[in-house]
Amino acid sequence: MLRKRWAIHSLVVVSLLASLLNYLTPYDVVITIGLPVRVSPSAGAVWYLANVTFKLTKLQPYAEDPIKPKWLRSEYDRNPLEPFYFDLRVGLTGDSRNYTYVFKHVSFDKSGEYYVQLSHQFTGVPHGKYCLIIEYPRYFKAGVVDPANWVISVVFF
Amino acid sequence: MFYTTKQDERAKRHWDGFGWGDRILTAFLLGAFLISFSSVGLASVIEFVFQKMLLEAFGYAQLPTLWFCSAIIMLWLLLCWRKACEGPIYGNATRWWWNASSRELRSSLFTVPFYVLFFLLVIILLSPIYGPISEVMLSIWVNLLASVLALLLFSCFPCFVCVFLIAGIPADWISPQVPKYRSIRITKVLSMLCFRRLLPIARRVILIALVGSLLVLADRSFHMFTSSFSHMELDSHENFLVVGTARRYDVLQPTKATYWIRIPRFPIFRNVTIPNPSNYSFTFVKERTDLGIRQVSAETRNATYEVLVTKGKLSAFNVIPNKQEMLPLVVIPLVLNFNDNITDSRIRMAVINETTRKTGASTERKEVTIQIINKEDKGAVFREILVDTIQRQRLEVFKYVDGKFSEKWVQNFPYVRLYFFHCDPGKVYTITFVIDYTTE
Numbered sequence: 001m002l003r004k005r006w007a008i009h010s011l012v013v014v015s016l017l018a019s020l021l022n023y024l025t026p027y028d029v030v031i032t033i034g035l036p037v038r039v040s041p042s043a044g045a046v047w048y049l050a051n052v053t054f055k056l057t058k059l060q061p062y063a064e065d066p067i068k069p070k071w072l073r074s075e076y077d078r079n080p081l082e083p084f085y086f087d088l089r090v091g092l093t094g095d096s097r098n099y100t101y102v103f104k105h106v107s108f109d110k111s112g113e114y115y116v117q118l119s120h121q122f123t124g125v126p127h128g129k130y131c132l133i134i135e136y137p138r139y140f141k142a143g144v145v146d147p148a149n150w151v152i153s154v155v156f157f
Numbered sequence: 001m002f003y004t005t006k007q008d009e010r011a012k013r014h015w016d017g018f019g020w021g022d023r024i025l026t027a028f029l030l031g032a033f034l035i036s037f038s039s040v041g042l043a044s045v046i047e048f049v050f051q052k053m054l055l056e057a058f059g060y061a062q063l064p065t066l067w068f069c070s071a072i073i074m075l076w077l078l079l080c081w082r083k084a085c086e087g088p089i090y091g092n093a094t095r096w097w098w099n100a101s102s103r104e105l106r107s108s109l110f111t112v113p114f115y116v117l118f119f120l121l122v123i124i125l126l127s128p129i130y131g132p133i134s135e136v137m138l139s140i141w142v143n144l145l146a147s148v149l150a151l152l153l154f155s156c157f158p159c160f161v162c163v164f165l166i167a168g169i170p171a172d173w174i175s176p177q178v179p180k181y182r183s184i185r186i187t188k189v190l191s192m193l194c195f196r197r198l199l200p201i202a203r204r205v206i207l208i209a210l211v212g213s214l215l216v217l218a219d220r221s222f223h224m225f226t227s228s229f230s231h232m233e234l235d236s237h238e239n240f241l242v243v244g245t246a247r248r249y250d251v252l253q254p255t256k257a258t259y260w261i262r263i264p265r266f267p268i269f270r271n272v273t274i275p276n277p278s279n280y281s282f283t284f285v286k287e288r289t290d291l292g293i294r295q296v297s298a299e300t301r302n303a304t305y306e307v308l309v310t311k312g313k314l315s316a317f318n319v320i321p322n323k324q325e326m327l328p329l330v331v332i333p334l335v336l337n338f339n340d341n342i343t344d345s346r347i348r349m350a351v352i353n354e355t356t357r358k359t360g361a362s363t364e365r366k367e368v369t370i371q372i373i374n375k376e377d378k379g380a381v382f383r384e385i386l387v388d389t390i391q392r393q394r395l396e397v398f399k400y401v402d403g404k405f406s407e408k409w410v411q412n413f414p415y416v417r418l419y420f421f422h423c424d425p426g427k428v429y430t431i432t433f434v435i436d437y438t439t440e
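From first to last, the protein sequence lines stand for chains A and B.
Letter 55 of the first sequence, counting from 1, is numbered 55 in the numbering used here, and no numbers are missing.
Letter 279 of the second sequence, counting from 1, is numbered 279 in the numbering used here, and no numbers are missing.
Pulled out of the complex, with its shape left as it was, chain B reads as follows (with noise of 0.2 Å):
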């Protein structure tokens, strides 16, 4: 179908030198070579579109179906060019197929492709109004580009090149065409593109940024496309969690987002990205009972979520609302359940005295004393803070607050902990822990 016509060519006097035979294995080589080659920059669109912004969850498993797709929507687009052409592509291709092929394909080649790629940064540009998800709008919008520029470079054009490869063209017709890269003819070419030229491209130009802002902003506005945030619960009433040892804690906020989730008028893109919200926990539950200091958990009503890992931390969920409740402007929230560092609290703890001495022949006492200030308006549990590390079999620690005696016990590991100790807003604690030990 795409063979060349012309008599005089090199191709066409191969072509006819063939027997059937070979001319349906070369055929069959070929078209599953083009067909596969052309089909990993569609592929890898199709797959980027379902793992991020389409209905639903993607799954391995549908990759062949993907690449099934994309070498029929190759095949398709062949056709129509072939069709444009009206005949074959790769005859026309030896006499320059620009010149077969109507003046509206021409235009089209060059234009779509250009307008699709500056709307797309020009939504870019825009996405920060998408509030929170603005970087998660980046990324998406940046690996989109990625992948339709990729499409580009490896399955259009290497397509473009096995044509003409194909088509043997002869050295002499290429030999005149290397010339015009002169700096010389730069320069003219410069020259040409005056400002009077430039006038419809800048208004072209405008008019595509106009168009792009404007469907971004509709979509915003008015709740059009796109599943978008209604607004975001941030309920931190909890006491401070104190975490780490005596002398290097963390000082935690935990902490309960509900982000709700609106669904467009006319639904096209289900899902919602939602980024980690949390600057110290990263490792996904299940449940929130098994919550622990550096873990999130999530619940939601009427939707799914998967979970996005980036280099072994939880990056993002990813929110796909149940299609029964693809309602226009139904809010459906997630909630988030997490534990947030907070680097300027007023909450202090110091050691402040430590002293060794002999109290017998083969028995010591280590005192530690620990000072807790609390500032903050709320109380804050000090969770299983690492005083001390004695490396002896048996300790016997007593404990003090505010030099009354609290409690004792006595373990059979190296770790002295203060456990779960409450401090009242606005309050000074000292705390001592007097550990016996044998020295042998």
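Chain A with its partners taken away, still in its complex shape (with noise of 0.2 Å):
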């Protein structure tokens, strides 16, 4: 009987930490931009970010970050000399931990309209607010030559 009822205690001891463990764990946060490109044979222009997604998980493998660009449709007869290319930054911003990351060298060959997709996994992300800045170019050819900032307050419950 003594021992049935260590038994029961110790089950529900052991299964209270392994939730509270489990509730401790701070996310893996993977962020997915999706972003409308044009190409021109003179320059490349993001006009705004189509879609900002978040996806939380606990004690996941570190992924590699895809950068996803989908060509879709072109209206000029010519293509630019050299690809352009900028670079895109995330940054998450907390009250006391601040995490960044470059998207470097995101390039594009052809002229025509593009919808490049992009993800970064940023792991260790505590629960709370954060403040997300994703730093885009409006034109780009080298780079980033007027960049935008679009800027969220996120919460992570």
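It is possible that some hints are incorrect.
[To be verified] Straight-line distance between alpha carbons at most 27 Å, and here's what the computed BS3-like set of lysine-lysine pairs gives:
#1 B/Lys256 to B/Lys311
#2 A/Lys4 to A/Lys68
#3 B/Lys313 to A/Lys55
#4 A/Lys129 to B/Lys378
#5 B/Lys256 to A/Lys55
#6 A/Lys110 to A/Lys55
#7 A/Lys129 to B/Lys375
#8 A/Lys58 to A/Lys129
#9 B/Lys358 to B/Lys404
#10 B/Lys256 to B/Lys375
#11 B/Lys323 to B/Lys366
#12 B/Lys404 to A/Lys129
#13 A/Lys129 to A/Lys110
#14 A/Lys68 to A/Lys141
#15 B/Lys313 to B/Lys256
[Unchecked claim] From the structure, some residues in chain A lie toward chain B, with a derived Cβ separation under 7 Å:
#16 Ser10
#17 Leu11
#18 Val14
#19 Asn22
#20 Tyr23
#21 Phe54
#22 Leu56
#23 Gln60
#24 Tyr62
#25 Gln121
#26 Val144
#27 Val145
#28 Ile152
#29 Val155
#30 Phe156
No lab work stands behind these hints, which were simulated from the structure alone.
Note that beta-carbon positions come from the ideal geometry of N, C-alpha and C, so glycine has one too.
Relying on the hints, combine the two individually framed chains into one complex.
In structure tokens form, the structure reads like this:
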């Protein structure tokens, strides 16, 4: 009888600790940014961010940062002489923690309209309120010519 | 079914003296009273659960159904009770049914409600881990606890009272029980509750507390049964909005808050209650195009919502995801557009000069100068700021910005306003209104 009681207590305490540890484990935040890009023979442009999503996981193995440019259509009869490119910076600023990542050299060699999807996984992000800053280019040729900011507050529960 | 079988009881003799017609009438009256009275508590609990917790929005057309269900449940409980007593309940009540019922039933009649109440208390204490909805969760659990207590008080307790009254307990049985509650007995009872006797109770209490915590934490950690928030996005990039009068104004921040609601792995509680996040907008409008300064609009995808209004103010949204979208760990958005009152803004407006002088036999000129300072890092729109009120039929108004003429208009109403003036970040503007009017 005594052993049974101890077994029940142990089971409850172990389960409680497991749940507590899982609850306290910080998030892995996968931020996915979608942006339409227009490339002419003379320059490229990003007018706005189409879609920014957050996927919250825990104890996720680190994934590579995919950059998926999808070429849609073109109205131009010629391509740029050299590929145009830009850097896109993503910053996650909390009360005591800052996370920054730069997607370097996102390049385009054909004229036309693209839909580009970028993903990055920030690991070990605790619950709390953060300020997400995405610095993207309005115009670009070689690097960012005219940068714009997209700022939003995010609360991870 | 529930009448006593003991031949020597007054109630049994009373029953035997009845004709069949009287028996049927008495049984009907008694049963109708018991069922209708006892179902009040259950109905309130079920109504509350339907309103706050369960899958579908509750309609008052369902009240008769709820009443019927609660009556059936109560009847079923009475039947179980009778079966456990192995005889008519009233009969057993006259010889203290407690002794007739089995030990398990006796213990469960006390321990189950105790554990349920204790578990609810634990949940209430732990509810802050639900983050921003903690207040709502707290109110839900407090209400649920109150409903359970109401059920016990208004359903179970009257039931017992009725049973004892009908059973006709003799006064000589009751009177020996009364001295038990004298203070000397209480002292004895307290002395018996020594530390060793309290240990098993303490052990059970701790176990229940741990199990309660475990359920809440596991639900929160592994997204098991209740819908929860994944994250919230607050978009407040729009310019500040200033409303009111030149002397008393509010600085508002138009905000778009997107709540992402995560469907649990094993959905039981589908609803999520989101409190109104605004400290200024308390009126709900369906279309965003109708959005006034004190109004909140909502949009959602793959879900419906209902608005909870308390004392005429919008207090919360009850979001109900669609059944076909109830896939594990899917997130559903609720977008709220509202204004927030910024109390510590660095936007200032003040009346720095106000003069009135005669310009003719029957004409006057009033000059009101206001200064606007914007030390924030984004713009501010001054929307319909009341500058002055002059009770005259016709006003001719000249507006000067930083000493330069800006515009002129004539109006037939007494309120002089500054309409939709945009103030860039870091700028200071001095605006002068020159108002001509006749004194007659």
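Checked hints:
Straight-line distance between C-alpha atoms of lysine 256 of chain B and lysine 311 of chain B comes to about 25 Å, which keeps the hinted pair within the 27 Å bound. For the suggested pair lysine 4 of chain A and lysine 68 of chain A, the alpha carbons sit about 57 Å apart, so the restraint of at most 27 Å is broken. Of the supplied pair hints, the one linking lysine 313 of chain B and lysine 55 of chain A is violated, its CA atoms being roughly 34 Å apart against a limit of 27 Å. A distance of roughly 22 Å separates the Cα atoms of lysine 129 of chain A and lysine 378 of chain B; the hinted pair therefore holds under the 27 Å criterion.
Only pairs whose Cα atoms come within 27 Å are accepted, and lysine 256 of chain B paired with lysine 55 of chain A is accepted, the gap being roughly 20 Å. Distance hint between lysine 110 of chain A and lysine 55 of chain A is unfulfilled; the C-alpha atoms sit about 31 Å from each other, more than 27 Å. For the hint pairing lysine 129 of chain A with lysine 375 of chain B, the CA-to-CA distance comes to about 25 Å; that is within 27 Å, so the pair holds. Taking the CA atoms of lysine 58 of chain A and lysine 129 of chain A, the gap is about 18 Å. The hint holds against a cut of 27 Å.
Annotation: proposed proximity of lysine 358 of chain B to lysine 404 of chain B holds, straight-line Cα distance about 23 Å (limit 27 Å). Of the supplied pair hints, the one linking lysine 256 of chain B and lysine 375 of chain B holds, its CA atoms being roughly 23 Å apart against a limit of 27 Å. Distance check on the hinted pair: lysine 323 of chain B and lysine 366 of chain B sit about 65 Å apart at the alpha-carbon level, beyond 27 Å; violated. Distance hint between lysine 404 of chain B and lysine 129 of chain A is unfulfilled; the C-alpha atoms sit about 45 Å from each other, more than 27 Å.
Pair hint lysine 129 of chain A plus lysine 110 of chain A does not hold up; C-alpha atoms about 40 Å apart against a cutoff of 27 Å. At roughly 19 Å between alpha-carbon atoms, lysine 68 of chain A and lysine 141 of chain A fall within 27 Å of each other, so this suggested pair holds. Proximity of lysine 313 of chain B to lysine 256 of chain B is assessed by CA-CA distance (about 19 Å); at most 27 Å being required, the pair is judged to hold. Restraint check, serine 10 of chain A versus chain B: the minimum CB separation of about 11 Å is more than 7 Å; hint violated.
Among the interface hints, the one on leucine 11 of chain A is violated; its C-beta lies about 10 Å from the nearest C-beta in chain B, farther than the 7 Å criterion. Using the Cβ-Cβ criterion of 7 Å, the hint placing valine 14 of chain A at the interface with chain B is not satisfied: the shortest such distance is roughly 10 Å. Against a cut-off of 7 Å between C-beta atoms, the interface hint on asparagine 22 of chain A holds, since the closest Cβ of chain B lies about 4 Å away. Below 7 Å, beta-carbon pairs count as interface contacts, and tyrosine 23 of chain A has one with chain B at about 4 Å; its hint therefore holds.
Interface hint status for phenylalanine 54 of chain A: upheld, as the beta-carbon distance to the closest one in chain B is roughly 6 Å, under 7 Å. Because the closest C-beta pair between leucine 56 of chain A and chain B is about 6 Å apart, less than 7 Å, the hint holds. The interface hint given for glutamine 60 of chain A is broken, as the beta carbon of that residue sits about 13 Å from the closest beta carbon of chain B, more than 7 Å. For tyrosine 62 of chain A, the interface hint is violated, since its Cβ never comes within 7 Å of a Cβ in chain B; the closest pair sits about 20 Å apart.
Annotation: interface hint on glutamine 121 of chain A violated; nearest CB of chain B at approximately 15 Å, more than 7 Å. For valine 144 of chain A, the shortest C-beta to C-beta distance to chain B is roughly 20 Å, which exceeds 7 Å, and the interface hint is violated. Annotation: interface hint on valine 145 of chain A violated; nearest CB of chain B at approximately 22 Å, more than 7 Å. Contact between isoleucine 152 of chain A and chain B, as hinted, is supported at the beta carbon level, the nearest pair being about 5 Å apart and thus within 7 Å.
Hint status for valine 155 of chain A relative to chain B: holds, with the closest Cβ pair at about 4 Å, below 7 Å. A distance limit of 7 Å between C-beta atoms decides the matter here; for phenylalanine 156 of chain A the minimum to chain B is near 5 Å, and the interface restraint holds.
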